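Put together the whole structure using the sequences plus the hints.
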Amino acid sequence: MKNKGRLSALLYVILGIIIFSIILIVMPLILIAGITSLWFYTKKKPDSKRRNYAIVAIAVGLIGTSILGFSITHASNSLKNTEQVEPNAVISSTTKETNPQAKYSSSQSQNKNLRKANLAISQLEKDTNPINLEKARVAIKQIKNDKDRQLLQKRFIHLEQDMYTEEAKKITEELELTKTKSLIESARQKVTLITDASQRKAFTDRIDLVNKAIEEEMQEATINNAESAVKQLEASQIRDHIANAQNKVNLVTNSERRTSLTNRINTVISTIDLREVQERETQSTTAQQFAQAPSTSNTYYANCTAMRNANAAPIQQGQPGYSAHLDRDHDGWACE
Numbered sequence: 000m001k002n003k004g005r006l007s008a009l010l011y012v013i014l015g016i017i018i019f020s021i022i023l024i025v026m027p028l029i030l031i032a033g034i035t036s037l038w039f040y041t042k043k044k045p046d047s048k049r050r051n052y053a054i055v056a057i058a059v060g061l062i063g064t065s066i067l068g069f070s071i072t073h074a075s076n077s078l079k080n081t082e083q084v085e086p087n088a089v090i091s092s093t094t095k096e097t098n099p100q101a102k103y104s105s106s107q108s109q110n111k112n113l114r115k116a117n118l119a120i121s122q123l124e125k126d127t128n129p130i131n132l133e134k135a136r137v138a139i140k141q142i143k144n145d146k147d148r149q150l151l152q153k154r155f156i157h158l159e160q161d162m163y164t165e166e167a168k169k170i171t172e173e174l175e176l177t178k179t180k181s182l183i184e185s186a187r188q189k190v191t192l193i194t195d196a197s198q199r200k201a202f203t204d205r206i207d208l209v210n211k212a213i214e215e216e217m218q219e220a221t222i223n224n225a226e227s228a229v230k231q232l233e234a235s236q237i238r239d240h241i242a243n244a245q246n247k248v249n250l251v252t253n254s255e256r257r258t259s260l261t262n263r264i265n266t267v268i269s270t271i272d273l274r275e276v277q278e279r280e281t282q283s284t285t286a287q288q289f290a291q292a293p294s295t296s297n298t299y300y301a302n303c304t305a306m307r308n309a310n311a312a313p314i315q316q317g318q319p320g321y322s323a324h325l326d327r328d329h330d331g332w333a334c335e
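Quick note on numbering that gives the first Met the number 0: the sequence shown kicks off at 0 and runs consecutively.
Just so you know, the hints here were simulated from the structure itself, not pulled from any lab data.
Note that the structure is predicted; figures quoted are calculated from it, not measured.
Just so it is clear, CB atoms sit at the ideal spot from N, CA and C, and this is done for glycine as well.
A hint or two may mislead.
[To be verified] Calculated cross-link-like contacts (lysine-lysine; reagent style BS3-like; alpha-carbon spacing at most 30 Å):
id, residue 1, residue 2
1, K200, K189
2, K153, K189
3, K178, K247
4, K169, K200
5, K134, K168
6, K134, K169
7, K146, K134
8, K168, K153
9, K125, K146
10, K169, K189
11, K178, K211
12, K168, K200
13, K140, K115
14, K211, K169
15, K189, K168
16, K178, K168
17, K125, K111
18, K200, K125
19, K189, K140
[Stated by the list, open to error] Ranges of calculated distance between the beta carbons of each label pair, as one might list FRET restraints:
id, residue 1, residue 2, range
20, I213, V137, 36 to 46 Å
21, A242, M217, 19 to 29 Å
22, E172, S106, 42 to 52 Å
23, L158, M217, 38 to 48 Å
Structural data, given as structure tokens:
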């Protein structure tokens, strides 16, 4: 009997839930029917009693619809949360499965890069040249393990410095042999790449010594050119040669030699100036002497008629044919 009573109570509860669910489901219909009835019994066929029933139906339908909507929304959110949790669980499981594989791939890649870098360093040790140097540099940059990269970098720097030292040695020896000024800048650039201070200083001193010798040779050639130009000026004593000699003397950096050559040019200029003054004075004296010299010609006219017949009248005093007896007014002109 006791079990039968419990079963009956359970059936009543289930029946109540079913009835309540049905009522909730029809609530939107009750709400619509109440709104329609309210309109009908207010506008079409006014009836205050039935209109009040319609208002009650609207209130009940509105409450029931709200409860139904809340229940549906809650159920939908619960379903979404369940759907979201399940994919996350799948993704998490997949990630856990793939992580070991990713770590293995990364390890394989690092081992490959390490072998490649070691091979590049070995090749650089066999043949140290700029191409192999750059290949080794790029390969070392691919190593992510700090310890491995530092060990390889140490070997690389040693080989790099050996190459720079050898290049500096070759170009310095070539510079000492040829004494070509255009090689000086290239040699200095090679030397700056050497990190060892003592080696760098030794190469720099050798380059400076060659540079000094080249400058001395160039200056000696400049002095010789200036000397030749001054000697030519001294020999020719021509004013037009002064500018050429002066320009070449100005290129001489040795102040003592430049002063000496400039003094010699000034001496020549003074000599030329003096000679030109003397020449002008001589020309002036000669012209005056010629103008004042008495006429030594044998031309003679007995009278003015003879002079006019000879188409020589008048004749100025001092000119051939002038005679005092023909200059009657004594104004220096005969037969005027």
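Each hint, compared with the structure:
1. K200 <-> K189: 12 Å, holds
2. K153 <-> K189: 21 Å, holds
3. K178 <-> K247: At roughly 24 Å apart (the allowed maximum being 30 Å), K247 and K178 satisfy the hint.
4. K169 <-> K200: 16 Å, holds
5. K134 <-> K168: The hint holds at about 24 Å.
6. K134 <-> K169: 23 Å, holds
7. K146 <-> K134: 20 Å, holds
8. K168 <-> K153: Given pair K168, K153 holds - Cα atoms ~23 Å apart, limit 30 Å.
9. K125 <-> K146: 24 Å, holds
10. K169 <-> K189: Holds, at roughly 10 Å.
11. K178 <-> K211: Distance ~10 Å between K178 and K211 Cα, so the pair holds.
12. K168 <-> K200: Answer holds: K168 to K200 is near 13 Å, not above 30 Å.
13. K140 <-> K115: 11 Å, holds
14. K211 <-> K169: Roughly 20 Å between the alpha carbons, so the hint for K211 and K169 holds.
15. K189 <-> K168: 9 Å, holds
16. K178 <-> K168: 15 Å, holds
17. K125 <-> K111: OK: K125 and K111 at ~21 Å, within 30 Å.
18. K200 <-> K125: 28 Å, holds
19. K189 <-> K140: 24 Å, holds
20. I213 <-> V137: 36 to 46 Å: 40 Å, holds
21. A242 <-> M217: 19 to 29 Å: The hint (19 to 29 Å, Cβ to Cβ) holds, given that A242 and M217 are roughly 23 Å apart.
22. E172 <-> S106: 42 to 52 Å: 49 Å, holds
23. L158 <-> M217: 38 to 48 Å: Holds - the Cβ-Cβ distance for L158 and M217, about 39 Å, lies within 38 to 48 Å.
Every hint from the earlier list agrees with this structure, and none is contradicted.
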